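Engineer: Listed in order, the protein sequences are those of chains A and B.
The working numbering puts the last residue of the first sequence at 200; the count rises by one with no breaks.
The working numbering puts the last residue of the second sequence at 200; the count rises by one with no breaks.
There may be inaccurate statements among the hints.
What the hints assert, rightly or not - The calculated lysine-lysine pairs, modelled on DSSO-like cross-linking and capped at a C-alpha distance of 27 Å, are:
hint: 1; chain 1: A; residue 1: LYS189; chain 2: B; residue 2: LYS189
hint: 2; chain 1: A; residue 1: LYS189; chain 2: B; residue 2: LYS5
hint: 3; chain 1: B; residue 1: LYS189; chain 2: B; residue 2: LYS5
hint: 4; chain 1: B; residue 1: LYS145; chain 2: A; residue 2: LYS189
hint: 5; chain 1: B; residue 1: LYS189; chain 2: A; residue 2: LYS114
hint: 6; chain 1: A; residue 1: LYS5; chain 2: B; residue 2: LYS114
hint: 7; chain 1: B; residue 1: LYS189; chain 2: B; residue 2: LYS28
What the hints contain is simulated information worked out from the structure, not anything from laboratory work.
Because the structure is a prediction, the values reported are computed rather than measured.
2 protein chains.
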Amino acid sequence: MKENKGRLFILSGPSGAGKSTVICEVLKRNPSLHFSVSYTTRPPRPEERDGAQYYFVNRSDFEAMIARNEFLEYTEYVGNYYGTSRPKMEAYLNAGTDVLLDIEVRGASNVRAKIPEAVSIFFLPPSFVELERRLRARNTDHEEKIAKRLQTAREEYEKARCYDYIVVNSDVNAAAREVEAIITAERCKMANRLYLIKEE
Amino acid sequence: MKENKGRLFILSGPSGAGKSTVICEVLKRNPSLHFSVSYTTRPPRPEERDGAQYYFVNRSDFEAMIARNEFLEYTEYVGNYYGTSRPKMEAYLNAGTDVLLDIEVRGASNVRAKIPEAVSIFFLPPSFVELERRLRARNTDHEEKIAKRLQTAREEYEKARCYDYIVVNSDVNAAAREVEAIITAERCKMANRLYLIKEE
Numbered sequence: 001m002k003e004n005k006g007r008l009f010i011l012s013g014p015s016g017a018g019k020s021t022v023i024c025e026v027l028k029r030n031p032s033l034h035f036s037v038s039y040t041t042r043p044p045r046p047e048e049r050d051g052a053q054y055y056f057v058n059r060s061d062f063e064a065m066i067a068r069n070e071f072l073e074y075t076e077y078v079g080n081y082y083g084t085s086r087p088k089m090e091a092y093l094n095a096g097t098d099v100l101l102d103i104e105v106r107g108a109s110n111v112r113a114k115i116p117e118a119v120s121i122f123f124l125p126p127s128f129v130e131l132e133r134r135l136r137a138r139n140t141d142h143e144e145k146i147a148k149r150l151q152t153a154r155e156e157y158e159k160a161r162c163y164d165y166i167v168v169n170s171d172v173n174a175a176a177r178e179v180e181a182i183i184t185a186e187r188c189k190m191a192n193r194l195y196l197i198k199e200e
Numbered sequence: 001m002k003e004n005k006g007r008l009f010i011l012s013g014p015s016g017a018g019k020s021t022v023i024c025e026v027l028k029r030n031p032s033l034h035f036s037v038s039y040t041t042r043p044p045r046p047e048e049r050d051g052a053q054y055y056f057v058n059r060s061d062f063e064a065m066i067a068r069n070e071f072l073e074y075t076e077y078v079g080n081y082y083g084t085s086r087p088k089m090e091a092y093l094n095a096g097t098d099v100l101l102d103i104e105v106r107g108a109s110n111v112r113a114k115i116p117e118a119v120s121i122f123f124l125p126p127s128f129v130e131l132e133r134r135l136r137a138r139n140t141d142h143e144e145k146i147a148k149r150l151q152t153a154r155e156e157y158e159k160a161r162c163y164d165y166i167v168v169n170s171d172v173n174a175a176a177r178e179v180e181a182i183i184t185a186e187r188c189k190m191a192n193r194l195y196l197i198k199e200e
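Next up, chain A with everything else stripped away, as it sits in the complex (with noise of 0.2 Å):
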């Protein structure tokens, strides 16, 4: 029954819109929700533990994977797969469990395309000069690479249109407290409540 089922809410951003830290705080506010974790066949940083990030996996398992069917999405991006799972997902969307997938621009759409009552949120940074602040504050990345990301994020901007909900990050509190309004707001819609109405 459609009441008993969780939501899918996508979460989409360029890189340093500070997506992941709004996501953790929402996380460890709300610990009903779930985290879908992405397989990759990349090797993990040794920050990373398999399952928290991502489930690592080498590239036979993974495309057996994608011989059974099992993504909702993947791709493979400089020579390393990364790919949704599909049961996975839908045994926690099917236990009523409101699921949280962070993922870019391209894989939202395909995401979207099979699960068009997804609830998709993309996250902005307070500004342009700010991006740059925070990308340059990483002390990371080399200035070409910079440069590309900035470019790359002016063409994921235009790709907010696609998505029904958008939150600006100028302070990580407010944020989360945007995405739960929005998590909340939905369970709130009129059609995931109608049971309420015919039970009666």
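Following the hints, put chain B in place on chain A, whose structure we already have.
Structural biologist: Same frame as chain A, now just chain B:
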């Protein structure tokens, strides 16, 4: 510009759904919201003040306002007029203030026809059993009147389908938080934040 305009929130629900209490709580916690006060020709009750629950006007003044097309909607009920002032409402919306309008189902439908971008919320009591209990707990109504109210409520339930959101008032604080979440989420809607992308 659209981004600076306030949003109108239409709030309806059967008598006994506790709507007024929830609205009071929301207004207390969000002083930046404006509560739209209706005009009426019915005499004020002892506890009512002009400009708080209603603007109390006489019949000829009300009819002069009708003639000047100053009502967004109005109705006559048990010999008294009730109406929503259009210029007052527009002044707040144009100033960027979000407005709450407490109005019965038919009036809501008229307002929605004139302001299609209005966001509408329907309040439900937790259940009919609870609604009946609340109506009896008031201890002010005759049996016949209670039966009539319950019948009206049943009919109004069906109208919930025309609303954007449904808020179930099993707990005043929880219901107020849902209303606040809806207001916040509506501000985050892509169309309401497109100006952020254009500005960049």
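Engineer: Quick check: which numbered hints come out false for this structure?
Structural biologist: 4 and 6
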